[in-house]
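Asks: As you go down the protein sequences, you meet chains A and B in turn.
Mapping the first sequence onto the numbering used here, position 80 (from 1) lands on 80, and the numbers just tick up by one.
Mapping the second sequence onto the numbering used here, position 36 (from 1) lands on 36, and the numbers just tick up by one.
Calculated directly from the structure, the hints in this document are not laboratory data.
Keep in mind it's a predicted model, so treat the numbers as computed, not measured.
Mixed in with the good hints there might be a few duds.
To be verified - Partial pick of chain A residues on the chain B-facing surface, computed with a CB cut under 8 Å:
| no. | residue |
| --- | --- |
| 1 | Asp39 |
| 2 | Thr67 |
| 3 | Val68 |
| 4 | Gly80 |
| 5 | Met82 |
| 6 | Glu130 |
| 7 | Leu151 |
| 8 | Asp155 |
| 9 | Leu156 |
| 10 | Gly182 |
| 11 | Phe186 |
| 12 | Ala195 |
Claimed, not checked - Quick look at which bits of chain B chain A covers, simulated, 3 or more residues with Cβ under 8 Å:
| no. | region |
| --- | --- |
| 13 | 124-137 |
| 14 | 150-159 |
| 15 | 227-234 |
| 16 | 322-330 |
| 17 | 337-349 |
| 18 | 512-520 |
All C-beta atoms, glycine included, are put in the ideal place defined by N, C-alpha and C.
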Amino acid sequence: MRVLFFTAMSFLFSSVVFAQEIEDHDNMLMDHGGGHLMDMGGGMVMGQNLDTLPGGCDKIATTKEITVHAGHKYAKKFPGRMFAFDVQEYQFEPCTKLTVHFINEDHVRHQWMMHGLPGYLYPKGMFHLEVTGPGKVSGTLILPPGDKTYLVHCDLAQHMEKGMKGQLKVGKGSGDLPSIPGVTEFVVQDDYSGAIPEKLSYNQSTDSASAKAATAKKQQPTASDDSFISGVMVVGLAIGLLLAPLLAKKFKGMTAAEVVTYVFELIKETVNYIIQLINTLIKKASSGKAS
Amino acid sequence: MQKYPLLVLLSGFVALMPFTASAAVNLPKTVKIDPDKPEAVCPKGNAEWREATKIEGVEIQESLRCHPDNPAQVAIEVKGTNNVSMDTLMDTYFAADAITKTNDMDGDGDPDHIIIKLEVTELNGHSPDFDGVVPTFDIAPGIEPGMWVFAPKSRGMATRSFVGLEANPLLRMPSPPIRVEQGDVVWIVLENTHYFPHTIHLHGVDHPWIDSSGEGNDGVPQTSDKFVLPGQSKTYEIRPRQPGTFVYHCHVQTHVHLAMGLVGMFIVEENRPNNWVQTFNVGGGQVRHPAKAILEEYDNEYDLHYHAMDKELHNIVQKYNDPRLIARDMNRRYDMTDSTEDYHVLNGRSFPYTLRESIIVAEPDKKIKTRMFNSSGEILAIHTHGHKGTITHYDGVEHNPDSQIMRDVYDMAPAQRNDIMLSTVDDGLHSYGEGIWIFHDHREKGITTDGMNPGGNVSAVVYKKYLNEEGLPKAIGENIMPLFTKAFSARNYPVWQDIDEWNSLGEVDATGFKNPPPAVPMMVKGPMTLAEAKRNQAKAGNGGGNNSFRNFLVGLMLGIFAYIVVINREKIIALISSKKGEA
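Let the hints inform the model, and build the full structure from the sequences given.
Replies: Listed below in structure tokens is the structure:
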């Protein structure tokens, strides 16, 4: 253990620092035994297994290497997600010796964590790569025999939920896991019923959209007239049209004062007429009752 | 033959009379609500963590509460993740680069360059995979509002273990109190692991408006800073010249981001030689390694962070998975001017959970420094039973020692800090003697959880004499076990169940119960008074319905009118014919 520690330390100090944006943690890691490697910069491998065959594997079937990229930008093709891996699905033969190079392109921690492995070989049944980006960390494991689908994800709060999720099938796998971006649906789905914007045109900035807006502007006066012609206005208009000739006839050759007097007289007459009407109605009713 | 069934029916009725009569006069029965099995009051054990100890050369004070801080964690918070053994580091959830302490620039025996890394964590968030929240952090039994916190950079899983959904101990409310030493060069690295943009504003802390590279350092997107986007990081640089109790919080959509929990205490301790300060005090409460200047005057130190939450806001993150929908609801649909605060927490928990973590352990003739901070949206009025504390500092600035005031209610405006000296000298003023003395908000809603009492931000000053071996108060009041059930939180458990032999204030069970016809009032004391008559009239009005009564009156009037018309028909006819003549 101690020897390993010092070897790793010597590795650390002798390692060439690469002048590249992605920090390579592979040579910084210290082996703490039991498949656990760690450095002081946030790089971590857990469940590393270079040579112990899982029960049921006679030999290493094949040796594979994959490079997994992780980060916010890989969620671009999945609207409504925030973090993702570049690849969502993997498939390998049983008993494959698999080396994963995990490249995190964000400036925060991400993980490539695999669950459900045999507990006697992998502590807590996990194989786990973790690195703070921009950085790279690599680890190796030997996949168990049998057809099984394994979850791979980032276990930071909400990273899997918001898209950083994939599946690794050994053999034929054992079905598909839910809510893998671009592969499977959510179990609990979101309610998008209220998500139809009212002011969609505000968001459109293409030429065709602005042309449409221009035509809409030209038509605007008619459009606003439409909304003004209500039922009440039509009635008023009709009455106005009918009365206009009559009034014109009446007021021909009159002064303003005469017009006002005439209008008042008209009102008086109308009131009188209404009172008379009511009177006759009452009379008719009472006479009917009397007879 | 025909008479027989009638006879049977009649005799049956007579036989049943006593029962029907008793059913008619009795009110519905009382039943007992089964509260389910209460959870353990002090479930986690770790008794050995309570003792005073020394790890990595760090003196760690005794902490007699039920859930003490892990001493290994305290040691790392004091020494930094870079100055401890791998074994100590592995006893905690800290990332290897969470706290880096180097460079004793003034040669006084303590490091002066401190790099603190913070991540942003959502607690009780949504899952698209099952009907539940993750990772969980209960503020009271079964109460899991969605929350955001700044958290010390951790490693591995967000949950405590790979079975269960409970958040690991570094991921919790409140955002941790941060301590630095006056004059330290402090880099606060915000690694935005959340799905929304955030920043850090250092409220009250001495900090330049721009950093050494000319970038914004004030955290305000409208004036100085770019958003720290999801997956990005940003370093804030400070070298605070003044000590005191201050604040850090997110300044993006501050009204909701602060309320969601992105706010914590930021304490600058006075400069002293060989002064290794405890960088984080995760969960607040007792500081197990107080700074040198504090120990010159005090025996113990406590961080008390008060917060409040509107459940309508905190539910939004649990309603959707799509961050765009969450942003829409939070930024545009949620109207804070219509909000009410439902959950009132002290150091991230409500009563009775405060008893596990946030009690103040006292002994006679000691001095305790408490730093109180109000991050809720309203003024708080914290009252200490059994003690009158002295307010020594407001907002990190010392109050003139000659005019410092003693109070038993400490009012704090939103974002305000009060440093309060609690003396346990039993003189009837500073302390009224040993006991279990609660302290709490005296706005009465503050002692509720969503309006249910007991709850809210209640905790207690507990004298050692009254503390049991589990770190719980040896209370001599009513049984508090029902409070540790989800049935109580869910408002299903009658607060006064079993207060006496026959459960006289228990739950009513009116299953199958129908109110019998009301009794007819009988005059026993003579004629009714006017008031009684009026009351009866009003009751009759309510019982019969206003409309039908009015209709009845109208009908009555019409009837009378018709009667008069018929009686006087001769006169009316004459009147009408005379009118006709006129016309």
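Asks: Evaluate each hint against the coordinates.
Replies: Do the hints match the structure? See the list:
| no. | hint | in the structure |
| --- | --- | --- |
| 1 | Asp39 | holds (7 Å) |
| 2 | Thr67 | violated (19 Å) |
| 3 | Val68 | violated (16 Å) |
| 4 | Gly80 | holds (4 Å) |
| 5 | Met82 | holds (4 Å) |
| 6 | Glu130 | holds (7 Å) |
| 7 | Leu151 | violated (10 Å) |
| 8 | Asp155 | holds (5 Å) |
| 9 | Leu156 | holds (5 Å) |
| 10 | Gly182 | violated (14 Å) |
| 11 | Phe186 | holds (4 Å) |
| 12 | Ala195 | holds (7 Å) |
| 13 | 124-137 | holds (count 9) |
| 14 | 150-159 | holds (count 6) |
| 15 | 227-234 | holds (count 5) |
| 16 | 322-330 | holds (count 5) |
| 17 | 337-349 | violated (count 0) |
| 18 | 512-520 | violated (count 0) |
Hint violations for this structure: numbers 2, 3, 7, 10, 17 and 18, all remaining hints satisfied.
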